[in-house]
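Protein chains: 2
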Amino acid sequence: MNGADALITTLVENEVTACFANPGTSEMQFVAALDREPRMRPVLCLFEGVATGAADGYGRIAETPACTLLHLGPGYGNGLANLHNARRAFTPVVNVIGDHATYHRQYDAPLNSDIPTIVRPNSLWVKSADSPDSVAELTAEAVTASYGPPGGPVSLILPADSAWLETTKGAVKAPVPTRAPPASGVVEEVAKKVRAAAKPVVLLGGQGTSAKALEQAARLQAAGVRVMADTFCARQPRGAGVFQPARMQYFGEAALADLAGTDLMVFVGTVTPVAFFAYPDRPSVLAPEGCETTTLAQRSEDAVAGLAALADALGAPASGPAQPYKVADAAPTGPLTPQSAGVSVARHLPEGAIICDDSVTSGGGVAVPCATAKAHDVLALTGGAIGIGGPLAIGAATAAPDRKIVSLNGDGSAMYTVQSLWTMARENQDVTVVVFANHSYRILNIEMGRTGSGNPGPSASKLLDLGDPKIDWVSLAKGLGVPAVRCETAEEFDAAFAKAMAEPGPKFIEAAI
Amino acid sequence: MNGADALITTLVENEVTACFANPGTSEMQFVAALDREPRMRPVLCLFEGVATGAADGYGRIAETPACTLLHLGPGYGNGLANLHNARRAFTPVVNVIGDHATYHRQYDAPLNSDIPTIVRPNSLWVKSADSPDSVAELTAEAVTASYGPPGGPVSLILPADSAWLETTKGAVKAPVPTRAPPASGVVEEVAKKVRAAAKPVVLLGGQGTSAKALEQAARLQAAGVRVMADTFCARQPRGAGVFQPARMQYFGEAALADLAGTDLMVFVGTVTPVAFFAYPDRPSVLAPEGCETTTLAQRSEDAVAGLAALADALGAPASGPAQPYKVADAAPTGPLTPQSAGVSVARHLPEGAIICDDSVTSGGGVAVPCATAKAHDVLALTGGAIGIGGPLAIGAATAAPDRKIVSLNGDGSAMYTVQSLWTMARENQDVTVVVFANHSYRILNIEMGRTGSGNPGPSASKLLDLGDPKIDWVSLAKGLGVPAVRCETAEEFDAAFAKAMAEPGPKFIEAAI
Chain A
0 MNGADALITT
10 LVENEVTACF
20 ANPGTSEMQF
30 VAALDREPRM
40 RPVLCLFEGV
50 ATGAADGYGR
60 IAETPACTLL
70 HLGPGYGNGL
80 ANLHNARRAF
90 TPVVNVIGDH
100 ATYHRQYDAP
110 LNSDIPTIVR
120 PNSLWVKSAD
130 SPDSVAELTA
140 EAVTASYGPP
150 GGPVSLILPA
160 DSAWLETTKG
170 AVKAPVPTRA
180 PPASGVVEEV
190 AKKVRAAAKP
200 VVLLGGQGTS
210 AKALEQAARL
220 QAAGVRVMAD
230 TFCARQPRGA
240 GVFQPARMQY
250 FGEAALADLA
260 GTDLMVFVGT
270 VTPVAFFAYP
280 DRPSVLAPEG
290 CETTTLAQRS
300 EDAVAGLAAL
310 ADALGAPASG
320 PAQPYKVADA
330 APTGPLTPQS
340 AGVSVARHLP
350 EGAIICDDSV
360 TSGGGVAVPC
370 ATAKAHDVLA
380 LTGGAIGIGG
390 PLAIGAATAA
400 PDRKIVSLNG
410 DGSAMYTVQS
420 LWTMARENQD
430 VTVVVFANHS
440 YRILNIEMGR
450 TGSGNPGPSA
460 SKLLDLGDPK
470 IDWVSLAKGL
480 GVPAVRCETA
490 EEFDAAFAKA
500 MAEPGPKFIE
510 AAI
Chain B
0 MNGADALITT
10 LVENEVTACF
20 ANPGTSEMQF
30 VAALDREPRM
40 RPVLCLFEGV
50 ATGAADGYGR
60 IAETPACTLL
70 HLGPGYGNGL
80 ANLHNARRAF
90 TPVVNVIGDH
100 ATYHRQYDAP
110 LNSDIPTIVR
120 PNSLWVKSAD
130 SPDSVAELTA
140 EAVTASYGPP
150 GGPVSLILPA
160 DSAWLETTKG
170 AVKAPVPTRA
180 PPASGVVEEV
190 AKKVRAAAKP
200 VVLLGGQGTS
210 AKALEQAARL
220 QAAGVRVMAD
230 TFCARQPRGA
240 GVFQPARMQY
250 FGEAALADLA
260 GTDLMVFVGT
270 VTPVAFFAYP
280 DRPSVLAPEG
290 CETTTLAQRS
300 EDAVAGLAAL
310 ADALGAPASG
320 PAQPYKVADA
330 APTGPLTPQS
340 AGVSVARHLP
350 EGAIICDDSV
360 TSGGGVAVPC
370 ATAKAHDVLA
380 LTGGAIGIGG
390 PLAIGAATAA
400 PDRKIVSLNG
410 DGSAMYTVQS
420 LWTMARENQD
430 VTVVVFANHS
440 YRILNIEMGR
450 TGSGNPGPSA
460 SKLLDLGDPK
470 IDWVSLAKGL
480 GVPAVRCETA
490 EEFDAAFAKA
500 MAEPGPKFIE
510 AAI
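Those protein sequences? They're chains A and B, same order as listed.
The opening residue of the first sequence carries number 0 in numbering that gives the first Met the number 0; numbering runs sequentially from there.
The opening residue of the second sequence carries number 0 in numbering that gives the first Met the number 0; numbering runs sequentially from there.
Treat the hints with care, since some could be wrong.
Which copy is meant is left open, so a pair is good if it fits within one copy or across any two.
Stated by the list, open to error - Straight-line C-alpha distance at most 20 Å; calculated SDA-like pairs for lysine to any residue:
#1 461 <-> 427
#2 126 <-> 116
#3 325 <-> 239
#4 469 <-> 426
#5 469 <-> 504
#6 192 <-> 288
#7 461 <-> 40
#8 461 <-> 36
#9 373 <-> 349
#10 461 <-> 400
#11 461 <-> 426
#12 126 <-> 136
#13 461 <-> 39
#14 498 <-> 329
#15 461 <-> 37
#16 461 <-> 16
#17 126 <-> 148
#18 461 <-> 38
Keep in mind the hints are simulated off the structure, nothing from the lab.
Note that the coordinates shown come from a computational prediction; the quantities given were computed from them, not determined experimentally.
Next up, chain A with everything else stripped away, as it sits in the complex:
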């Protein structure tokens, strides 16, 4: 057994059984060792940003980490943005970063760089396995660390010689940490504050939007407490039979208007909400002035237990509201818009589907009708780094091959990690990718006005417009091996989406809005 074997055996013994990879020379021992451990499933991604976003999607659905295999500092760099998103989603991810042999580092070969520094800001844990005997133990440590709580990406650096040298130190068991419930004193204190408040709000995030947490949160709503959720949640069940909390508005002034009069905010798996960006003369903190804030369950704590205990303390009913099933009987007609597309998505979405949402300005149009579609999960962009819609879908499809995956993307976002389409084709994943092609960074046209920058002139427009040339998304998707259609009317989209839901395998729909 060499160090690479010790690594892979320890991973699979601890339920880390998917590897999203783009290897290079320094990772060849790991690649070779895969042939000796069939329990590890390797998934090739043609760019590391696809691999890391896929690991995020996998972790959000499987609730166990996937690993990535990345090629030194630059390979990690290519995956950095989606690891930023995974950090903001609190998703466990075990990054394995191949490095030069320990004795070769001193020579500063062309691919050498300061890996520990590059990975630090997006890693809960960073260590380098500088001997083959240390590999198994550090791998187990990495797996445990990735769970947090709350979870997140960790970075195990694997020098080439630690991988190729022999070792007798085989698989090590990695304990999975558990979440403690909030202390009972905390629950009582929060219950007292809620009873005393005129207009309390409970805000959910992190584990607070899990299926079990939403069941308990619905009881609070039934007891007269307004329940809300963070604007962007790592994973949230939605649709018929599911309790749907109100969503924190994206723009700060809208959020504060929505919260007007709220005198208590109780956080569950989240913290005080803040504006996504600052703007001249607009608020950063999204709690009304004078509103008291308190925490029922920290991100590291058991949100379900906390919510249940609070509901009990408030004498809430045993269950709360849930969404009805209600979709349009007829296909929408006329021009294709995000709204009409949303009606079609809601009509045809199968039970248990997973929506991976990177659709920016088009997303709202889909969310509204889907609130009463068949029950599904939504994985949102938690960290604001676009280019996650395709990668998340690859990961979700790997974790749940029996569920239909729908990836919704803005065109600007989809271009970031367009390589994902190829992996979906190669793995024959049951993913339908929708790209809303408005041929513009539309959000930036909105933001430009908000930042007080006025209307874009000729130079500014050159940086916001994607229409010259217009990307032919169908050509692009077909080139990467995914069957593709372009829809220009609501009727066309409804038919294409219905067909995509009815047939297994990868599909691509350009929604020309």
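Since the structure of chain A is already known, use the hints to place chain B on it.
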């Protein structure tokens, strides 16, 4: 004038007149300010790795920095790999990284991250302009720092409020540092060693492969000193009328065999060569045992002056050898190979062309016949992070719109930054992109054997093979707006390449090898 105006004015006053950008909300003030400063040319890239690689290509040709405009930590992360390459090319690049408003950072909004840490390993200089009054001065400092010598990427962090607030501090002049010649004692000492050596080698890198440096180096060759160049050079003239030094071999054992008997290595703009990767039982340092090493010109010094002084001290003739012009009269025939493609490239390459080379295992086939083509420049992959061929070409075309640009790529490499094709189309650049489609990470199949990992089995093969599905490069390129053809024979490639050289504008050729 606001801070964004102060930034852009300072940049253009210091010859930084091209901006490769993918902006977000935090950069809207910069974008708006571009409308007030027409001397700055904005070039939109659909992914930051394209923007940073383009800035590298621009700097290598213009010898002045371009700037990039990047969106917080994740935007920089997406551009990190090509900045690693730029650092290894010693190319001046001024990265402008938009950040949250200074007062908003404390709230850890979703896009917040530790930018100074992420950028540090690939930045010669890092500062944040935390007030509008500091912007102009820090911008000038950044421009100066980017020149080194030797040059490299620098990172100026621009908080949104520093951009939007008013300032009276306008353009600041940035001194451009000069390179000192090697001390005369050094030249004499080296000359003495060269005279005493049985088999001396002068190894060129960095500024040592510039046109003027090669002229002086040729004199050394004429005086009986073997002249070599680093395996991968940032910029090197090649072809008829140019002196061509021998190239350091890529694989360590081949390099040492080539250097057998060498008893002195003299470095000019470079350092002791090392193996790209370590392998079990193979050498890291690529100087023969017992060979003396010495430095004529540090990377920071004037390599041209150093070489001229050494040539004078050795009594070398006033000029040395140069390549003849010699290309095949007839088009190659039969199966398309990198070698036959190289013959065609050499036949049709116009005077003054710029080859941007990210073609990995196919590159050697082109290099050999191009050694006697019309004079051109070659920009190579200096840092080993693939995905630079398209971006470099965008930058080179922006810096030299009157020169023909040829971008040579492996298919694995080209997929990394496939978004580049769109920018070439949008800017109507005179770039011909060739992708050698072997549908494999062929280099890794070679490396796998070298690392002692044996032959790839089923799992390993899944990570090395790109053939399932086969990427349809023509469909991909057309989807991104670039006219494209597939060539399957040597004749087809010769005709397509000839046509591409004869017509201006972006062209794409899939070389099915």
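Cross-check of the supplied hints:
Taking the shortest alpha-carbon separations for residue 461 and residue 427, only the inter-copy value of 14 Å comes in at or below 20 Å, while the best intra-copy value is 38 Å. For a Cα distance limit of 20 Å, the shortest separation of residue 126 from residue 116 qualifies both inside one copy, at 11 Å, and across copies, at 17 Å. Taking identical chains as interchangeable, the C-alpha atoms of residue 325 and residue 239 lie at most 20 Å apart only when both belong to the same chain, with a minimum of 8 Å there against 74 Å between chains. Taking the closest pair of Cα atoms, residue 469 and residue 426 come within 20 Å of each other only across two copies (13 Å); inside a single copy the shortest separation is 29 Å, beyond that limit.
Taking identical chains as interchangeable, the C-alpha atoms of residue 469 and residue 504 lie at most 20 Å apart only when they sit on different chains, with a minimum of 17 Å there against 27 Å within one chain. When the C-alpha separation of residue 192 and residue 288 is checked against a cutoff of 20 Å, the pair qualifies only within one copy, where the shortest distance is 17 Å, while the shortest distance between copies is 78 Å. Proximity of residue 461 to residue 40 under the C-alpha cut-off of 20 Å is restricted to the inter-copy arrangement: shortest distance 10 Å between copies versus 43 Å within a copy. Within a single copy, residue 461 and residue 36 get their C-alpha atoms only as close as 51 Å, which misses the 20 Å cut-off; across copies the closest is 14 Å, which meets it.
Taking CA atoms no more than 20 Å apart as the test, residue 373 paired with residue 349 passes inside one copy only; the shortest distance there is 6 Å, against 62 Å between copies. When the C-alpha separation of residue 461 and residue 400 is checked against a cutoff of 20 Å, the pair qualifies only between copies, where the shortest distance is 19 Å, while the shortest distance within a copy is 42 Å. Only between protomers do residue 461 and residue 426 lie at most 20 Å apart by alpha-carbon distance; the minimum there is 10 Å, versus 37 Å within a single protomer. Only within a single protomer do residue 126 and residue 136 lie at most 20 Å apart by alpha-carbon distance; the minimum there is 11 Å, versus 39 Å between protomers.
Proximity of residue 461 and residue 39 under a CA criterion of 20 Å is satisfied inter-copy only: 12 Å between copies versus 46 Å inside one chain copy. When the C-alpha separation of residue 498 and residue 329 is checked against a cutoff of 20 Å, the pair qualifies only within one copy, where the shortest distance is 15 Å, while the shortest distance between copies is 53 Å. In this assembly of identical chains, the alpha carbons of residue 461 and residue 37 lie at most 20 Å apart only when taken from different copies (12 Å versus 50 Å within one copy). Taking the shortest alpha-carbon separations for residue 461 and residue 16, only the inter-copy value of 16 Å comes in at or below 20 Å, while the best intra-copy value is 45 Å.
Taking identical chains as interchangeable, the C-alpha atoms of residue 126 and residue 148 lie at most 20 Å apart only when both belong to the same chain, with a minimum of 19 Å there against 34 Å between chains. In this assembly of identical chains, the alpha carbons of residue 461 and residue 38 lie at most 20 Å apart only when taken from different copies (14 Å versus 49 Å within one copy).
The earlier numbered hints are all upheld by this structure, with none contradicted.
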